[in-house]
Amino acid sequence: MSCGQTILDYGLRAIGIGEKLLPRTEFDLCTQVTLIGSGLIWNLYFGFFALLFGFFLANALAMAKASARPWIRKPAEGFIFLFRGSPLFIQFFLAYQLFVLLPRAGIEIFGITVATGWLTKAWAGALIVLILNTTAYSAEIFYGALQTVPKGDLEAADAYGMTGWKRFRRIVWPTMMRLAWPAYTNEAIFLFHATTLVFFSSFPAFAQQGDALYYANYFADKTFNPFVAYPIVAVYFILLTLVLISLFGLVNRRLNRHLPGAAKRIRYRPQLIR
Amino acid sequence: MFEYCADPKSLEGLVWLSCYLTSGTHMQFYASFGTVLLLLAITAPIALLFGFGGALAARSQVPPLRWFGKIYTAMVRGVPDIVFFMFVPIALDQLFEYLRSRVYCDTSVPVRQGSDFVVCAAAKLPRATSPEWMHDAYGFFLAVLAFSIVFGAFAANVLYGAMNAVPAAQLETAEAYGMTRRQMNRRILIPQMWAYAVPGLSNLWMILIKATPLLFLLGVEDIVYWARQLGASKTSSFAYPHPDWRLYYFLAILIFYLLMTAISERVLRRLMRHLTKGQATLAGEAMRKAAA
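Residue numbers (the numbering used here), protein chains in the order written: chain A, 9 to 282; chain B, 2 to 293.
Next up, chain B with everything else stripped away, as it sits in the complex:
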């Protein structure tokens, strides 16, 4: 990056370090922190949306929809989330390729041949001729979907509980006023449930942050990937030879996550205070008394 970095072998001490830490691969390492933040930024709203749909489905009057909702919310209860992270991307990938193969390929050729999953070149996702970034983007897209589905199920649990926590009298009153179910949901249930949902959702946010290094398992070039790459010992054939430094790289990642959770904790506490203000709950009452 700097001019004096042209010949790293001749450098020493801090100058060497400044060149080392600004090398091209390190820039990719720093960018991968952006990947993590991007994943969080995309996944959180989608998961919330999935969760919202799941919770509403679980409360639905239509049996098949209700079953779907119940199964979706129960899905994450007994099974480790890691199993889903391993399963969902590959399952979705095969599903997409299977569906495409039924359109673009000779449908008389079976997709599963012994221990192989075979589709013709036209159905491959992404296409073999696609540029490198398309492959990366597709992998990231699958990861986002996997995270959204799993955390959507968690969120559905939280929101389902929050919807049940809305006092029944409120809903009965709405019914007495002759509101339809739709109106009841939109005007009474949903506005009131958030106060009950926030503690669970903020907890979920913390879990989501701490689940992001699992991106590595999904084959995305995230911070764990780069920490392993950059930290591994480099022989003198590399521009910047050094012994095994993975420990320091993982320490850096650890600090990054500690900062993320510390900041989140602070922001969420503020949000909670804002929401409990004036609420007819224990915490709200305590705030009122403290102010008086």
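Pulled out of the complex, with its shape left as it was, chain A reads as follows:
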């Protein structure tokens, strides 16, 4: 089988397009690279949507944590502690068990039956866990940044007569983003790395449609040779990390565009601040 044919057959295998069965006998380099690459679609899907939803939720949660009112602050602190203090792996297991226990037929809310079956699928259930997880971590980052917004900025805003939402939107929030961005870049990278856990934590890979590591593990099990499949995943993730760094670097440049020389490249120090 030619490599082009393999790519046609397995290039979108992870989302159910193309060949039904996974290769059983042919494990050449092209097959492995193609199938693992197709698995990467899932990693991108989880990472992208978790970041997207997580960003807005994290902003709200950081505000809640900074609130002076205890009935807003305490729940926010509790949520952050719960998700930052426990392993993501356990969160996946726990969420899956929780979703499985929901009644099959759906829950009735105000006379409308809400289906629950989709929650046990990886695309929804695991995504929810990832969103909540990254929300907690990002909120802590944003909260830390919020606490270090310079006093002078706020005084200047007061002097201009800015208050409330306008002061937040034009002074506090942009500075907060500027301060948080390098750490948030690391969080984004870590989140993409964490997506590899999904299919190893109860969430079933429907019709063997899994992520990059799922297929790498499949090949390593079939060929008894970890020295090909795992390095392929590693290369894919190194490329993904580089792309992420450059994308977040662009945003960083934009955030700091008014500061000459401040928009330096983000120094990438992975995972260590998580």
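Derived from the structure by calculation, the hints contain no laboratory data.
Since this is a predicted model, take the numbers as computed values, not measurements.
Incorrect hints may have been included.
Pair by pair, the computed Cβ-Cβ distance ranges are [claimed, not checked]:
1) B:Ala7 - A:Leu60: 52 to 62 Å
2) A:Trp131 - B:His136: 29 to 39 Å
3) B:Ala122 - A:Val236: 24 to 34 Å
4) A:Val251 - B:Gln114: 32 to 42 Å
The beta-carbon is built from N, C-alpha and C at its ideal position, and this holds for glycine as well.
Place chain B on chain A using the hints.
Coordinates of chain B only, in the frame set by chain A:
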């Protein structure tokens, strides 16, 4: 465990629960918490040692050693740690068996035959005739090595940064006094770097705690394994039949980890306060002012 547990079918309520929670398999579940703590206790110092070696190697004057150090520290940057946890144990296992096969087996037989990895019985690790606990211990040993290598790379990153954070003037002064590089490292660099390394290392400790459930992926019978085993619904053919209780078992594990991180946070904060006392840093200055 208790006398009255002889016939669990006749029991009810709290008595049943007390028997259930002290059954033999539950004792193994409790012991597996010890496995996690053991892993932490063994891995943390080894990883620190690896990290120390890696950081020193990355600063070395000898090019091959420096390259090795740089690659080791860069290793964990772009690649998910889970990939390493899947890769390292099986790779090490095959490496050990390959090396043994070159000594104990007929070396004309290739190790890789198609999609198989074949070594003769004498080279197998652990030997097929070994008792069950040897197999468990070997699996645990591989897991410890995998954790140590990955977290050693993280620690190397932290320590490398800490070594660079030591003010250059300190090292230049040492050089001016005519110290050799070795003396400089031992007397100036290493004693001073710890204050810079502690925040990163304490962060690493938290990450290490939260990485321990990955032991399950490495095939070690850890708390996740037992929670899945014990929690799965049991039909009436079992001594203690019950529906799917995995949720409660995972809740117990969650609480265990929350406690671990809460306690660690408290201890590390104390340690940090102790270390910043009298340091010429912002935090140290703040403490001095608060005391005055």
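**Request:** Return the numbers of the hints above that this structure violates; sort them in rising order.
**Result:** Of the numbered hints given earlier, the structure breaks none, since each of them holds.
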